[in-house]
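Sequence lines, in order, name chains A and B. Numbered according to UniProt numbering, the first sequence spans residues 1 to 130. Numbered according to UniProt numbering, the second sequence spans residues 1 to 364.
Hints are not guaranteed to be accurate.
Pairwise CB distance ranges (calculated) [said to hold, decoys possible]:
| no. | chain 1 | residue 1 | chain 2 | residue 2 | range |
| --- | --- | --- | --- | --- | --- |
| 1 | B | 274 | A | 47 | 45 to 55 Å |
| 2 | A | 50 | B | 120 | 42 to 52 Å |
| 3 | A | 128 | B | 17 | 17 to 27 Å |
| 4 | B | 22 | A | 128 | 25 to 35 Å |
| 5 | B | 85 | A | 130 | 50 to 60 Å |
| 6 | B | 328 | A | 47 | 30 to 40 Å |
| 7 | A | 67 | B | 12 | 45 to 55 Å |
By construction, these hints were calculated from the structure, which means they are not laboratory data. Every residue, glycine too, gets a C-beta built ideally from N, C-alpha and C.
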Amino acid sequence: MSQQTADLKFTQSHEWVRDNGDGTCTLGITEHAQELLGDLVFVEAPEAGRRVAAGDACAVVESVKAASDVYAPLAGEILSGNEALADSPELINQEPYGDGWIFKFRPDSMEALGELMDAAAYDAFVEAEG
Amino acid sequence: MTRQTALHAEHLAAGAKMVDFAGWDMPLHYGSQLDEHRRVREAAGVFDVSHMTVLDLAGPGARDFLRHLLANDVDRLKQRGKALYSCMLREDGGVIDDLITYYLDDGRYRTVVNAATRDKDLAWIRKQAEGFELDIAVRDDLSMLAVQGARARELAAGVLGGEDGAGALDLGVFHAAELGERFVARTGYTGEDGFEIMLPNEQAASFWRALLAAGVAPIGLGARDTLRLEAGMNLYGTDMDESISPLECGLAWTVAWEPAERDFIGREALERQRTAGGLRRFVGLVLEERGVLRGHQPVIVEGIGEGETTSGTFSPTLGVAIALARVPAGTGERCEVEIRGKHLPARVVRPPFVRHGRSCLDGQ
Numbered sequence: 001m002s003q004q005t006a007d008l009k010f011t012q013s014h015e016w017v018r019d020n021g022d023g024t025c026t027l028g029i030t031e032h033a034q035e036l037l038g039d040l041v042f043v044e045a046p047e048a049g050r051r052v053a054a055g056d057a058c059a060v061v062e063s064v065k066a067a068s069d070v071y072a073p074l075a076g077e078i079l080s081g082n083e084a085l086a087d088s089p090e091l092i093n094q095e096p097y098g099d100g101w102i103f104k105f106r107p108d109s110m111e112a113l114g115e116l117m118d119a120a121a122y123d124a125f126v127e128a129e130g
Numbered sequence: 001m002t003r004q005t006a007l008h009a010e011h012l013a014a015g016a017k018m019v020d021f022a023g024w025d026m027p028l029h030y031g032s033q034l035d036e037h038r039r040v041r042e043a044a045g046v047f048d049v050s051h052m053t054v055l056d057l058a059g060p061g062a063r064d065f066l067r068h069l070l071a072n073d074v075d076r077l078k079q080r081g082k083a084l085y086s087c088m089l090r091e092d093g094g095v096i097d098d099l100i101t102y103y104l105d106d107g108r109y110r111t112v113v114n115a116a117t118r119d120k121d122l123a124w125i126r127k128q129a130e131g132f133e134l135d136i137a138v139r140d141d142l143s144m145l146a147v148q149g150a151r152a153r154e155l156a157a158g159v160l161g162g163e164d165g166a167g168a169l170d171l172g173v174f175h176a177a178e179l180g181e182r183f184v185a186r187t188g189y190t191g192e193d194g195f196e197i198m199l200p201n202e203q204a205a206s207f208w209r210a211l212l213a214a215g216v217a218p219i220g221l222g223a224r225d226t227l228r229l230e231a232g233m234n235l236y237g238t239d240m241d242e243s244i245s246p247l248e249c250g251l252a253w254t255v256a257w258e259p260a261e262r263d264f265i266g267r268e269a270l271e272r273q274r275t276a277g278g279l280r281r282f283v284g285l286v287l288e289e290r291g292v293l294r295g296h297q298p299v300i301v302e303g304i305g306e307g308e309t310t311s312g313t314f315s316p317t318l319g320v321a322i323a324l325a326r327v328p329a330g331t332g333e334r335c336e337v338e339i340r341g342k343h344l345p346a347r348v349v350r351p352p353f354v355r356h357g358r359s360c361l362d363g364q
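Chain A with its partners taken away, still in its complex shape (with noise of 0.2 Å):
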């Protein structure tokens, strides 16, 4: 477990997820995920105010291969897209954990984060899942 992802919970479909500490949460894709996609170079951050459901597909990320969805994985609204992606999606590949974040949201509840793994499971996850 790196330092980076000490404080990071995780979905099965590669986001991680910051619990910022004042009822918002900030989401990207992991590190792991964006080595799978390669050279990022697009990126489709949800609109401010979009109400997004646990599981929704909210943004895409596209790398020079192919297209993948990126998945709320709380229920809640969306408060803002990371705008430095229009110009600089290889941030993600860069700094996934940092300035490559894709978007901020609030959740309705923030009891269902402590469902999502934490870095050792993820770990494990993506070990088991080859």
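Place chain B on chain A using the hints.
Using the frame of chain A, we list chain B on its own:
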């Protein structure tokens, strides 16, 4: 079981991410597809294309056979070593494969066909060859490396060394020469200058290492696709297949109608299509908004009808999304592409998009 080229261990040593391609375990990239793309445009890269099939056709009937088999005419090849790009067609005009044929000597030709179509190509060629006096040899003993890029000729010639290097530098565009055990052709698939080099399998690894030592970067299949698409070159299986005639995939220029008495397979069908008219256009598209074009997205041409992209990508050189597309006759300069339910505006252009590292879009 996936097949491996003679360079398999070299790919692993270079840190390649390997993927199954047409039954071959091939490098997708060695770290970053975008970096590899740029390396070819700016300097030089080497691709292992040994999975492609090399055929030698030799015998007194070889010329007549190829004049029957191919939509282009090998009689256009007057000089030894000259290469010809052609489609191999079904009777109904559908494309079985696209290939390059080199004229080696009287009664001796070399042809390179795609990896994914190997079995059906060989079966077709052998069947059509009945009644012609020639031998067909599959050259699985040869490896093939493509060295491409702005500095490719200079660097590859240095590795070939001495007289062979000088001989390679003397080659005209789309010409080849047998230099000792090696066959060097000034052909490629990236829109850059360079060579495709065939050599005995047992020499492939040391030649590969020498190229890398000379500063040539290893390039995977990922960048091969973005480079060829920028160069506006067709990919078999996505831009064309057996359901499409060369007249509708931008390859009408490869059909040799003259002399009129040459009876190549598919001729009648192509003549009927040409006479009937209304053929779909094969064009380039440049997306005018952010996004990425992919193959087989709907193309909407207002007041005319619908077409589809046949292959698309984000162009690393141009920084925009580009595609090849088949669109209705009468399509003008504008269209829309449907991406995930949204209609985004695109400009219709004439491929290629990039040639020798420079944009071809200005002035179009």
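Taking the hints in turn, this is what the structure says about them:
Restraint check, residue 274/B to residue 47/A: a C-beta distance of roughly 50 Å satisfies the suggested window 45 to 55 Å. Separation of residue 50/A from residue 120/B is about 49 Å and conforms to the stated range, judged on CB atoms against 42 to 52 Å. A hinted range of 17 to 27 Å for the beta carbons of residue 128/A and residue 17/B is consistent with their spacing of about 20 Å. A C-beta distance of roughly 30 Å is found between residue 22/B and residue 128/A, which places it inside the suggested range of 25 to 35 Å.
A beta carbon spacing of about 41 Å between residue 85/B and residue 130/A contradicts the range 50 to 60 Å that was offered as a hint. Restraint check, residue 328/B to residue 47/A: a C-beta distance of roughly 34 Å satisfies the suggested window 30 to 40 Å. The supplied range of 45 to 55 Å is broken by residue 67/A and residue 12/B, whose beta-carbon atoms lie about 29 Å from each other.
Violation of the numbered hints given earlier is confined to hints 5, 7; the remaining hints are satisfied by the structure.
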